[in-house]
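Residue numbers (the UniProt record's numbering), protein chains in the order written: chain A, 1 to 418; chain B, 1 to 418; chain C, 1 to 418; chain D, 1 to 418.
Just so you know, not all the hints are guaranteed correct.
[As the list claims (entries may be wrong)] So these bits of chain B aren't anywhere near chain D, every CB distance computed over 10 Å:
{"no.": "1", "residue": "Leu-126"}
{"no.": "2", "residue": "Glu-252"}
{"no.": "3", "residue": "Ser-270"}
{"no.": "4", "residue": "Trp-272"}
{"no.": "5", "residue": "Ser-352"}
{"no.": "6", "residue": "Pro-356"}
[To be verified] Facing chain C, a subset of chain A residues (Cβ under 10 Å, in silico):
{"no.": "7", "residue": "Arg-106"}
{"no.": "8", "residue": "Leu-211"}
{"no.": "9", "residue": "Gly-234"}
{"no.": "10", "residue": "Tyr-236"}
{"no.": "11", "residue": "Asp-245"}
{"no.": "12", "residue": "Trp-295"}
{"no.": "13", "residue": "Asn-376"}
{"no.": "14", "residue": "Phe-379"}
{"no.": "15", "residue": "Asp-417"}
[Stated by the list, open to error] Derived list of chain B stretches under chain A, where covered just means 3 residues or more per stretch with a C-beta under 8 Å from a C-beta of chain A:
{"no.": "16", "stretch": "33 to 46"}
{"no.": "17", "stretch": "80 to 91"}
{"no.": "18", "stretch": "95 to 104"}
{"no.": "19", "stretch": "157 to 166"}
By construction, these hints were calculated from the structure, which means they are not laboratory data.
Virtual Cβ for every residue (Gly too), placed ideally from N, Cα, C.
Number of protein chains: 4
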Amino acid sequence: MPITARADQVRTCPSELSKAFRDTRSLSECLVAPLSEADATLQSMEDASPAKWHLAHPTWFWETFLLRDHLDGYTLYNEDWPFVFNSYYEAEGERIARFSRGMLSRPTLSQITDWREKVDAAMEPLFEREELALLIALGIAHEQQHQELMLTDIKHALFQNPLGSSMWEEPDGKTASHAEGWHSHPGGIARIGHQEAGFAFDNEGPVHRVLLEPFELNVRLVTNRQWSEFVADGGYETASLWLSDGWAWVREDAITAPSYWRGDKHFTHSGWQPRDPDAPVTHISYFEADAFAAWAGMRLPTEFEWEAIARGQEGECAAHDPCAGNQLDEAAPPSPQGSEGLFGDCWQFTRSGYLPYPRFQPAAGAVGEYNGKFMNGQFVLKGASCATVRGHSRASYRNFFYPHQRWQFTGLRLARDV
Amino acid sequence: MPITARADQVRTCPSELSKAFRDTRSLSECLVAPLSEADATLQSMEDASPAKWHLAHPTWFWETFLLRDHLDGYTLYNEDWPFVFNSYYEAEGERIARFSRGMLSRPTLSQITDWREKVDAAMEPLFEREELALLIALGIAHEQQHQELMLTDIKHALFQNPLGSSMWEEPDGKTASHAEGWHSHPGGIARIGHQEAGFAFDNEGPVHRVLLEPFELNVRLVTNRQWSEFVADGGYETASLWLSDGWAWVREDAITAPSYWRGDKHFTHSGWQPRDPDAPVTHISYFEADAFAAWAGMRLPTEFEWEAIARGQEGECAAHDPCAGNQLDEAAPPSPQGSEGLFGDCWQFTRSGYLPYPRFQPAAGAVGEYNGKFMNGQFVLKGASCATVRGHSRASYRNFFYPHQRWQFTGLRLARDV
Amino acid sequence: MPITARADQVRTCPSELSKAFRDTRSLSECLVAPLSEADATLQSMEDASPAKWHLAHPTWFWETFLLRDHLDGYTLYNEDWPFVFNSYYEAEGERIARFSRGMLSRPTLSQITDWREKVDAAMEPLFEREELALLIALGIAHEQQHQELMLTDIKHALFQNPLGSSMWEEPDGKTASHAEGWHSHPGGIARIGHQEAGFAFDNEGPVHRVLLEPFELNVRLVTNRQWSEFVADGGYETASLWLSDGWAWVREDAITAPSYWRGDKHFTHSGWQPRDPDAPVTHISYFEADAFAAWAGMRLPTEFEWEAIARGQEGECAAHDPCAGNQLDEAAPPSPQGSEGLFGDCWQFTRSGYLPYPRFQPAAGAVGEYNGKFMNGQFVLKGASCATVRGHSRASYRNFFYPHQRWQFTGLRLARDV
Amino acid sequence: MPITARADQVRTCPSELSKAFRDTRSLSECLVAPLSEADATLQSMEDASPAKWHLAHPTWFWETFLLRDHLDGYTLYNEDWPFVFNSYYEAEGERIARFSRGMLSRPTLSQITDWREKVDAAMEPLFEREELALLIALGIAHEQQHQELMLTDIKHALFQNPLGSSMWEEPDGKTASHAEGWHSHPGGIARIGHQEAGFAFDNEGPVHRVLLEPFELNVRLVTNRQWSEFVADGGYETASLWLSDGWAWVREDAITAPSYWRGDKHFTHSGWQPRDPDAPVTHISYFEADAFAAWAGMRLPTEFEWEAIARGQEGECAAHDPCAGNQLDEAAPPSPQGSEGLFGDCWQFTRSGYLPYPRFQPAAGAVGEYNGKFMNGQFVLKGASCATVRGHSRASYRNFFYPHQRWQFTGLRLARDV
């Protein structure tokens, strides 16, 4: 996941920054609250990490890149912990093999909570230092990303339990949007990349121009009902709909439906629940999204098309308030329910490979690891999901996953040529 | 691990049986007491199971084969649990994949403790029923085996943690035996197999005769000091000492020492501790034991030779009291320290394949799964280890593992021809 | 590999088409001539196929898509052979597992030669039929692709032999180009995709516009000498130069140099030969090309940049005659030696993912399998190599491979922003 | 496969030894004659080797252990070949990875034939040297073992070809024996191991005594008809019949019949042929043999029981002439057809682990690699098969394979307790 920031201005007064920090730190604790010590230690696959680790790793980030590097006289809470809570920063030295994170019954949750408190307290003087504002904004965005991963990883872990674990009560049902229609775009040159005030990751820039052909983008995400039609029509048995690697994946892993589906139920943070046919389909892979689009006679949008619609024709993003979706803003079960805007509900696959923008340069130093180093084999996803912290995403945001991965809240929005 | 019993008499009065049951159940709780909920959920490899599972699985055994099958009107505590707590009983239906036991953050330890209490209470009337005495004795022996596995599995799990977890204080040092010399046997026909009163597993019989040639068996287990000489002499780099499969294992897994060794320390239930040169070497595989014996110009004993010495020349086992060793009888860290007898300290590899005795027949029904079904590719180990419950083993006891496995307290005792 | 054609005009008189067909068929035979029956049967990895199979598969293509589908009354030479000589055409039914092609000691080379002759003779009447001209042009391009694969696959197979097999005499040395400098491009809108007369694959279109920023492209391919400097400077040990997946690949496969390097020699179709420092480096993966560019402080071009330079600023391709390189036009060992043009020597990695052009639609039917179905996870390569048939490539040609693959004649040409 | 000999006398006059050598060498050439260069290069799995390699490896043995070590002034035919034709002799240095033998398109068959001729000619003076007689006898037995492997390996390779390759004409049908009944043995002490004049491998000794209980051994091998009844009765779907590892093997590899079965045909060196119900079943694994015996309510014999019957009650082997079976004595397709004796048709699984006899010591030096080094995880097979050279086996012969392997001509003969 991307964790470095462009060096443009993050103009925030110290008190706002400090509040954002505290809110973020507090939300992490809130999300882990329904879990037992054992729940928080589970690692269900190499792609996923224990919830406890998602509490600890951002703390390591704060301690390493802020306190150790910028607070005179700071001593590490525990010198051995960086080995287990560094994720992939080569410049920060050797670390525990990723698939062994699930063996960390120690340190305990309460030890990590204590660490968090100490780190949070030590951070206070740093909010005053203007030159650190960008780095702190990055740290906040980084912890927000791990909040989303914590939710998707623990969902995957609880799903492994044949007894049907849950961690939250089922939320009240909401009425899904029934909007129909298409956003139209006349084509032409679009300005792509982060161009507003505020924080953004380095991979969202530099701003550059892209030439678009006329196209349309659906106002609605593909729904469970539509997906059921695809299944019923033999979508998973029809080789001609699939990418070659996708077809191999379908056959080897015996894929017959989105992840977490069983009969007319699906697995949620509230256990097995009936599936709302009008809610957006989630937990699909790029392979599935692409096959569905082929079946529907349409295609996925490019990341540039999506961003152009999100900005509107004046290049402004205001008309599509990210806050209008059902993104995470409290410790409640994430549940996609069909919002009106482009954001929220689920990350939307594009047909754009996750590759560098023209003149892209990764930031220097360890904190500059890396968006750049993941730029092969993955696809860009746009928008945000019901598990994304409100305010975290934006029109230029680029999420990315491999084409077979589907444990995130991933969905699709169809596009077509005009 | 073997879990069925021969149909010979287990003459125990109800009150003794009931006490043995309660003692055994209590020890299991005692062993798990130092562990957190997360510790007890860890599964570090497919061969190992979580400590919590080792609490639950014997409870499933009691509930299934005693209460369900023999107590009128008994209803299961939870109908879904057999799916996750059955180990390998094909006759009892489908079950969770072995490598997924580590995903069981639920049920919690306290739920399992509650189950244990309910099952224990429900068992009371059954001790009076003579026809169940054998089955109850089997259940006790079965739970004792899982106590040993719990200890070796949690050791392996804590070892995965780079931070050096421990679960007990280091015990007081004891002085290792410095006995030297050989037990001699003149050869001749020996009666092999369980031939005393009391419980035994089905694979310990039938009693049969075996012809032995004259041989000697060392009075002492091979020590860490001797093993260090083997290492220093290039034992792990000398192909000619090794079985072909053993040499492949050494090279593929980059084996250079017994498991848990690092420098002059070794990993214990009390964390990293100095290694006593005079203590028996443990955590070696059959491949290593066989290579060491070749290096020493000797050999491993057969299971028959070992048993013949254990019985003495009159066929009596009294001279070698299993209780003289340092076997487990309280919740304290198992630690091999060089006892005088044949038992205790560590399981001893023999060169005998784990195969059926003449006229061996597995018991009927699910409870008869199975010693027999494991009779290929494994070697017999004799004795007992510091993690074996006192009184659990005997001269005819046959433990068995694959030649590469070494997470048990395994060691070796050399033999030679005369 | 792509095998379908765009439906634009392939204006060729029957006699020319017939000659091109005969020349192509004849070259295939010529390439396999130095091989023994056993050489021609070898399959060294799943990505590669036996030389014999590369003789047979295009013959299956001709027989299936031309003779069977378009020649009344034609009967298959052998009804069982499609099962073993179909490559990946799902619409043509089940086929032999790819990794089992190396088990085909039968049919023999002479049986396949007989089949080829029969098919060639049967083809004669079809050259007159205008509606088949495109399909025949496609078949020719398809067989040319398999000629290149035959050369790279047999090189890989002979390389497995520790005795150092060769199949050709070493060619006379040529003097490599010592041109220096950069092609400059001012940026602007470029027309991309196949836009001339003549055959092209479907993935080369539709023609569309792309907006370029100013850039420069080196006139020379990176040489062995430059690569040795990268190695000497610790390029393969410096994590920060590599993509994350690339670094994992380097460590897992213990990569320390391009494929086929050993000391100051490299393996060729003429066995182990000294490596010319001024010749272009070949047999590198995308991961390596990308790391080298990072080390050099530059970058790989996009496919659009490469094509724009290849066309010249007027969009014409004439200034860069593909025939100026040392591409394959006789049965001689392919050997990159530093030609002046953009083509020849080796395929050049771009940083463009292999993805569909706007409004791309794969052709219908089995013959339309597929360029499209390979559009994930791969990168576009431009140019041609010393093993490409002269005239096969063009400015719009898109070759593609996964980022770890390097058994083709792959190299790199650096680009930089202005 | 075992290749070293006990140091007892092999009393053979030079002319006899020379003739045996020439006959053996000649048979190898004869067996490979029906194969093409490509056939002879195929390697279908790691357990199997190319036919050409089976021609070359024994030649390497003769050149290394006889000519190089014992003929003054001998120079190797080719210094690079030991690297590719050594099998597993660690003391003879590094060698090609086993699974890469199939890449050896060079040297060619005719180069190897030339090598064979040169080696054969150079051997002539050595037959006069009495001290080499044992080593020469060993070399002959070694090459005979590779003749059998050549036949089973090429059968496995041809089977991979979906087109149904064959290498020989189908032999005339023979009438299978319909003998019924049991060999009885009263029990008692039996002398086991090689005890006659003539050559034997080191693992056949030392002679030692074993105590047997009364038992019976069937006079007939289990037939295809009996096996079909096992299949029809759900043998492959009944977990309780199988060893635990066997059941895992059945499920993972989807085993439903002996190897080479399809419908009522089976694959032979003469291609797909109808299966004779009265012929012995072959190409079964230990797991299958054991499950069948459980289904039949009987068991497999021990190796000692089998040998005791083979010797008769006086310990003589004469009554069971190995030559009475249909073993290989000419270059014709091996085909089990139900001979009367214990030998011939197929190797018979015993329930004895392949382990050392008391006081067993492997021979010294490289030639002493190794029967001993394979002594774990395998089972002993007795008898001989239709692919064994006539005169190669004997009552004390111990063949051995892992319990899942079944590409040899393996079958079973039931035993029962009395």
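Agreement of hint Arg-106 (chain A) with chain C interface, Cβ distance less than 10 Å: violated, 28 Å
Agreement of hint Phe-379 (chain A) with chain C interface, Cβ distance less than 10 Å: Holds - the Cβ of Phe-379 (chain A) comes within 10 Å of chain C, reaching about 8 Å at its closest.
Assertion that Ser-270 (chain B) lies outside the chain D interface [Cβ separation over 10 Å]: Given a closest Cβ separation of 34 Å, the condition holds.
When the least beta-carbon distance from Asp-417 (chain A) to chain C is tested against 10 Å, hint result: Constraint on Asp-417 (chain A) satisfied, holds at 5 Å.
Consistency of the no-contact label for Ser-352 (chain B), given chain D and a CB cut of 10 Å: violated, 7 Å
Residues of the stretch 157 to 166 of chain B with Cβ under 8 Å from chain A, three needed, outcome: With 7 residues in contact (Cβ-Cβ under 8 Å with chain A), the coverage given for the stretch 157 to 166 of chain B holds.
Given coverage of the stretch 33 to 46 of chain B by chain A, tested with a Cβ cutoff of 8 Å and a minimum of 3 residues: holds (count 8)
Assertion that Pro-356 (chain B) lies farther than 10 Å from chain D (Cβ): With a cut-off of 10 Å, Pro-356 (chain B) comes too close to chain D, as the shortest Cβ separation is near 7 Å.
Chain C contact restraint on Gly-234 (chain A) - CB to CB distance below 10 Å: violated, 14 Å
Chain A covers the stretch 80 to 91 of chain B, three or more CB atoms within 8 Å, holds or violated: That given contact holds, which follows from 4 residues of the stretch 80 to 91 of chain B lying within Cβ reach (below 8 Å) of chain A.
Minimum Cβ distance from Glu-252 (chain B) to chain D greater than 10 Å, as the annotation requires: holds, 13 Å
Hint validity - Leu-211 (chain A) Cβ closer than 10 Å to any chain C Cβ: holds, 4 Å
The structure fails hints 5, 6, 7, 9, 10 and 12 (numbered hints given earlier, in ascending order).
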